[in-house]
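For the record, the sequence lines run as chains A and B.
Counting from 1, one number per residue, gives the positions in the first sequence under the numbering used here.
Counting from 1, one number per residue, gives the positions in the second sequence under the numbering used here.
The hints are simulated quantities; they were obtained by calculation from the structure and are not laboratory data.
Small disclaimer: the values here were computed from a predicted structure and weren't measured.
Ideal Cβ placement from N, Cα and C applies to all residues, glycine included.
There may be inaccurate statements among the hints.
[Stated by the list, open to error] Chain A regions said to be covered by chain B (calculated; three or more residues, Cβ under 8 Å):
| # | segment |
| --- | --- |
| 1 | 474 to 480 |
| 2 | 756 to 767 |
[As the list claims (entries may be wrong)] To spell it out: a stretch of chain A is covered by chain B in this simulated footprint if at least three of its residues, at any positions, have a beta carbon under 8 Å from a beta carbon of chain B; those stretches are:
| # | segment |
| --- | --- |
| 3 | 485 to 495 |
| 4 | 850 to 857 |
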Amino acid sequence: MSFANLLHLYRVRLRSRLLQECFAVVGLAAGVALLFASQIAANSLSSSAAQLSSGIVGSAKLQLLARDARGVDQRLLGRVRQIPGVRLAAPLLEANANALGPRGSRSVELIGADESLKSLGGALVRKTKLAPFGGIGAIVIPHPLARRIGVTKFGAEATLQVGGHVGTAPLYQQLSAREIGPLIDTPIVVAPLSFAQELAHLPGRVSRVLVAPRPGREAQVRAALLRLARGRLNVTGTDYDQQLFAKAAAASNQSTTLFAVISALVGFLFAFNAMLLTVGQRRRLIADLRRDGYMPRAVIGVLLLDALLLGLVGCLLGLALGDELSLQLFRANPGFLSSAFTVGNARVVGAQSIAIAVAGGMLAAIVAVLSPLRDILSRDPLAAVAPPREGGGATGSRDASGERRWSRRAVRLRGAPLRATLGALAIAAALVTMLAFPAAAIAGIVALVLALLLLLPLALDAVLSLTARTARRLTGAVPHVAVGELRAGRSRAVAIAATGAVAVFGSVAIQGAHRDLQHGLENAATDMNAFTGLWVSPAGGFDLLMTQPFPQGATLQALSRVPGVRSVGVYRGGLLDWGQRRVWVIAPPRDAQPIVPPTQLVEGDLALAQRRLRAGGWAVLSKALAAEHHLHIGEAFTLPAPRPTAFRLAAISTNIGWAPGAAILRAEDFARAWESPQPSAYNLHLAPGTNPEQARRAVASALGPASGLAVQTARQHAAKQDKLTREGLARLSQIATLILAAAVLATAAATGAMVWQRRPRLAKLKLEGFAPAELWRTVLLESGLLLLVGCAAGALLGLLGQQLLDRALAEVINYPVVRSLALPTALGALALVTAAALAVLSVPGYLAARVPAALALQD
Amino acid sequence: MLELRELVKHYELLGGETVRAVDGVSLSVPAGEMLALYGPSGSGKTTLLLMIAALLQPTSGQVLVDNRDVSRLSEREASDYRLSQLGFIRQNFDLLPGVSAIDNAVLKLLKTTPWREAHRRVAPLLERLGLGGRLQQRSETLSMGERQRVMIARALSTEPRLLLADEPTGSLDSQRSQEVLALLRELSRERDVAVVLVSHDPLAARYADRVLALRDGRLGEYQPAEAPPPLESAR
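Same shape as in the complex, but just chain A:
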């Protein structure tokens, strides 16, 4: 058949089935939207970090990195440029800062660079003025940041708090999206190098030197840089930041990937359910075409065009809907990661996300449209409709249709043990993954989903048998009809139940693990604030981890004189790039009580570890870090600090809520290894009976507004950490809620459509004396059974999924997970989906039950 004829046939058929096709398109679109939005969310954070990195480094391939915030002597740049094979070398100063303006404040990354950085061609600086403007320093900021802090006019001044210093900087230029593209949402302040050094009080210092070697000379240049570094600086590729970020964001990315997989499955089932609505009509078309002499190949062509057009419209609609969803609900939130990485909340829509979503949608359309493939290929042209035909004699030999259905049932019955065995094997595989290979958690989850889909039909059969048996003890035809109808339309029933099951499974598993993680992180935050009454640290959002050093000056004495303050301890902390991890180094004062957070210890003796840490030369490492360096308690290792220093391992802890890992040492050891006495915070111990909030106000007043330091009570700091954790994890809750909502809509719509298509049969039951109310009850019972079986199975395996994820979070990323069984979450999701879908369905169910009985006589 020519393409023009195929199109014509499609057009004339469309008139009679527009409503069904529209529903199928909506279902398909919903599935594609879920998949697309979750893909965007999964890729946005990493892409945002990668864009910033490449926007700065341009064509540079190597970099010489300082190991702490104080950077390295700028004179090193001259020596780097002298290395044979170096084409270009550009200095860069990066510092955490807090930008303030008349409208508000925002934590930013201060980037200082000179014109040589432009030569590397990075998108961020290509069109930015990096030379001092007539000797006057000024800053360049992205347009959204300028609006947020209210510094938008040329020459308007912003205040910058950097490392306990406060300075002002006039605005030279706002960067637009046209100039820096997707980096527009990244919180950065760009300044000429000398001015940035002045603002950060780091004269003559740079954080890194970017190096572009001549072609073919990279290895030679790297070797020369290593010699220059003398083990005190890091020599890495310019993609190092991306690697560090990937490691830090691994947990978040894995959870989003998991959601993407579950969203994809729910979306696929949604689309598949919708497409099943049109199967009857397509079966009739197949029979008509085959009867008219069309060969199977031509019939497949007709159906593929159906799939193509349906898929195309559904995918376009789905992409638009998914785009909106990702804007409204799926916004990436870097949470804690923003304390150590400059990440924008840019929404990055990659070609890969579009391709995956479209592929998923088209696959659903093709699979659903070609579901009667066996009938198309059958020798019997009318196999697709299998019309009832007179078969045997009075004693009743089976007719052809009955024979076929009977053999299908026989196959189904024979398949049950196989299905049960495979389902049990899949569960066993998930359990083995949980116990022996927690790193393969996603594979374990996929195995559980597989088990769910394999076992669901068996569960449905079992529940239907049980219902039928129970109904025999009751008077009333409603349960008998409901069971009979569900058995009659088993394929669709299983598809609907599977939609609810997968959604509830995903929601319970991930929400449960999310809550356990949240509790664990709250415990960690409480522990990490237990040894102080007040925190005094550089102002800005970067104070969450207390890693920004500042000059001690006369502040210490001033603080110790504030009424209510019993003593002041010097806390030091930092971020140390160790291998592929940006490790959080925590260094409380020697007299901190407790110096090792008791609930975070996973190996070793707490009292002994505390004694050893206080004695000096000992450190506590998180489990993954210790394992990566093959360390056991008591063994020695060298911490790659600015001054590489030997420590012995006192105990092994969780990651204290920081995914890449943590190290705990005493503050004095930190000063030795970092070759700096600068604190990153003060711990103020309060006299007994002192009100922390009053003390906070007194300390803030003593410091004055120009100090660049902020004061928080321990409780406030813990609450801030909890808030950020919750915000970072909130996306998981939002997506889980959305998946549940999609499941409610999908199951309600599919069940509603199933009921609506059955109106002639309901009309026939009216002829038998069934009242509308009874028919309505029948419809609701059918749907209730389906949803309950699906959601209960999903909830049950979801609890197992939660344990699997908990173990992976605890064992692989070492999060301080408080393990529990998310029964309330499971029951909540089960009740929500079932009740909401039934509520939505009740209206079409009621209308279907009011079907005119005359319909029964109009075949």
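Put chain B on the given structure of chain A with help from the hints.
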């Protein structure tokens, strides 16, 4: 048993035209009689059946079943009437697939009777209809004739006084049609049930006690287009 008095059903079309689907039909069918009603498509047969089944309200006139006018019943009363006093047999077999013959046959009775008791009461009826050996067979494995007999068993399961049969032989070949018609006549006499059989099948006239024709909504004499085969060859 059944009495129709000046039964009228008119429909107003959008253009203001009135369709007289049933136009002053009066007839009575005593218990134990089988009445065959012929008529071309659009003659009002289905409308008449719907009114007798209390599924459609007449424009005027009465439908008396055991001297009770069923044309003005409430929805619940009408359902009860169809359940307890009426049996409906159709040419399409409304059997639940995947469900056994006997479970399909008891479906209507289950509304008022426990499952075990319903089975006990319907099993002999199915045996009487020649399905004794196939009670547990799933409906999709039954032949068309067997399915029609399951439908008859379902219709008779509540021991109705009135049986409406709408083209009951429409899907059957001639041999199976004759079997079903003979069965209906036997059951009508045996159980003292009034049967109104609406059909196009000329065979039906041979088995009916009385034959009428419906044309343009009015009752009239039946004029057979062709002579039906002799009764003996059908048995």
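Examine the segment 474 to 480 of chain A: at least three residues should have C-beta closer than 8 Å to a C-beta of chain B. It holds: at least three residues are needed, and the segment 474 to 480 of chain A offers 5 whose Cβ sits within less than 8 Å of chain B.
Given coverage of the segment 485 to 495 of chain A by chain B, tested with a Cβ cutoff of 8 Å and a minimum of 3 residues: holds (count 4)
Chain B covers the segment 756 to 767 of chain A, three or more CB atoms within 8 Å, holds or violated: holds (count 5)
Given that the segment 850 to 857 of chain A was listed as covered by chain B, double-check it with a C-beta distance under 8 Å for 3 or more residues. holds (count 5)
Checked against the numbered hints above, the structure violates none of them.
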